[in-house]
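> Construct the complete structure from the given sequences, taking the supplied hints into account.
The sequence shown begins at 1 in UniProt numbering and counts up by one.
Think of the hints as simulated: they come from the structure by calculation, not from any bench. All figures in this text were calculated on a predicted structure; none of them were measured in a lab. A few of these clues could be false.
Have a look at the derived ranges for each label pair, beta carbon to beta carbon [claimed, not checked]: (1) Lys299 x Lys253: 35 to 41 Å; (2) Lys363 x Gly243: 33 to 39 Å; (3) Asn360 x Thr256: 40 to 46 Å; (4) Met175 x Gln272: 32 to 38 Å; (5) Pro305 x Asn360: 47 to 53 Å.
Cβ coordinates follow ideal geometry from the N, Cα and C atoms, glycine included.
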Amino acid sequence: MKEKKNRFELLFRVVKVHKKTLFLGFFLGISLVLGVSLANQVIGNETPITLAKAGEGSSQAEKEIPTIDISASNQVNETTIIAETLDAQQEAADEQTEDASQNNNSDPAANSVNDLIDEAIPTFNKKHFTVLLVGVDQRPREKSISNTDTLLVADVNTINGQVTLLSIPRDTQVMIPGYGKEKINAAARLGKGLKTTTALVEEITGQPIDGYVLTNFTGFKTIIDTLGGITLTVEKDMYYMTGDKEDGIINLKEGTQRLNGTQALQYARFRQDALADISRTSRQQAVLKAMGKEFLQVKTLPKLPALISQITKCTETDLTAGELWSMANILLRFKNPNITSQTLPGNFLIEDNISYWKVNPKKSQALVKKLIEEGKTSSVFFQ
Numbered sequence: 001m002k003e004k005k006n007r008f009e010l011l012f013r014v015v016k017v018h019k020k021t022l023f024l025g026f027f028l029g030i031s032l033v034l035g036v037s038l039a040n041q042v043i044g045n046e047t048p049i050t051l052a053k054a055g056e057g058s059s060q061a062e063k064e065i066p067t068i069d070i071s072a073s074n075q076v077n078e079t080t081i082i083a084e085t086l087d088a089q090q091e092a093a094d095e096q097t098e099d100a101s102q103n104n105n106s107d108p109a110a111n112s113v114n115d116l117i118d119e120a121i122p123t124f125n126k127k128h129f130t131v132l133l134v135g136v137d138q139r140p141r142e143k144s145i146s147n148t149d150t151l152l153v154a155d156v157n158t159i160n161g162q163v164t165l166l167s168i169p170r171d172t173q174v175m176i177p178g179y180g181k182e183k184i185n186a187a188a189r190l191g192k193g194l195k196t197t198t199a200l201v202e203e204i205t206g207q208p209i210d211g212y213v214l215t216n217f218t219g220f221k222t223i224i225d226t227l228g229g230i231t232l233t234v235e236k237d238m239y240y241m242t243g244d245k246e247d248g249i250i251n252l253k254e255g256t257q258r259l260n261g262t263q264a265l266q267y268a269r270f271r272q273d274a275l276a277d278i279s280r281t282s283r284q285q286a287v288l289k290a291m292g293k294e295f296l297q298v299k300t301l302p303k304l305p306a307l308i309s310q311i312t313k314c315t316e317t318d319l320t321a322g323e324l325w326s327m328a329n330i331l332l333r334f335k336n337p338n339i340t341s342q343t344l345p346g347n348f349l350i351e352d353n354i355s356y357w358k359v360n361p362k363k364s365q366a367l368v369k370k371l372i373e374e375g376k377t378s379s380v381f382f383q
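Here it is as structure tokens:
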């Protein structure tokens, strides 16, 4: 018992010391797992992710018109089956987590650690803390920034721990000062970096952004590999030629298995279903939860130095140390936060032979407010 208590206390001390870095790692997982679906289009054919060099205009790949084939009845049926399968898998996993939690609650060592965590949490002075998660396929600390592959708004309710994730399709049509109509993924390159991107996201969603976290895909895979992989249940055989220079083939077999970083990213990216990215959201949530469980395992303790090093290399943020510490404490308090995800609603638009995701800011702001305040999701398509 004494040895177990010492292990828990040691784990707590390490987490407490490195709260800032582990908080960045939490958002890294969200950004790359739940945001990678929007690297090209919200729904459509899989194409390789290509970053334009700074100063270049829109690439030919961005101007290609996606072929969209939607059959409502087949989509709904297949998506329902996928959702039910993943929900059943997650329910079983959650039951195991609850059992483990009950065992810990009966353990004086675990309870003492929980008490220490609660005592260490400072008061946060606002109900919502919102971060713009930006995913790029380049080193975060490079001076210039190309097109952003992933944009995702992460809101944390500091009162109840509710986490809300809003994915912004990279093809979302916006007005960039000095350039006119463009896709939002070009805002950072054409405008004043992430300052322009943040302003446009605030305009579309009506939500103030407190700061950003910039990440890259390579780091995501490395972190999962450092963890030793994650355990997931692949609901069906998945095979697809992505065309990417790296990880060009998605090839996963059905069943519960241990996935490495590359395989986990493939699972999160797979969208060869009736509703593509909509049905893929459940898979991305499964990956995120699996990562969270690995982070919280006592066996992860010896891996923390390597994990902290990787997270530091793969992230960049304008958040202050105080903000990071406060948010890290909140995430420590709510050990199993409820996560609600939504893609920014809109409709497909082809204008001047360029495909866009057209949103209505007024409608979007109302829907985002309900999503954040009440946890109510809506259809990805505006009626």
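> Hint by hint, note whether the structure agrees.
Consistency of the hints with the structure:
At about 26 Å, the beta-carbon gap between Lys299 and Lys253 misses the expected band of 35 to 41 Å. Look at Lys363 against Gly243: about 35 Å separates their beta carbons, and that is inside 33 to 39 Å. At about 42 Å, the beta-carbon gap between Asn360 and Thr256 stays in the expected band of 40 to 46 Å. About 34 Å separates the C-beta atoms of Met175 and Gln272, a value consistent with the hinted range of 32 to 38 Å.
Between Pro305 and Asn360 the beta carbons are some 48 Å apart, a value that agrees with the proposed interval 47 to 53 Å.
This entry does not satisfy hint 1, going by the numbered hints stated previously; all others are met.
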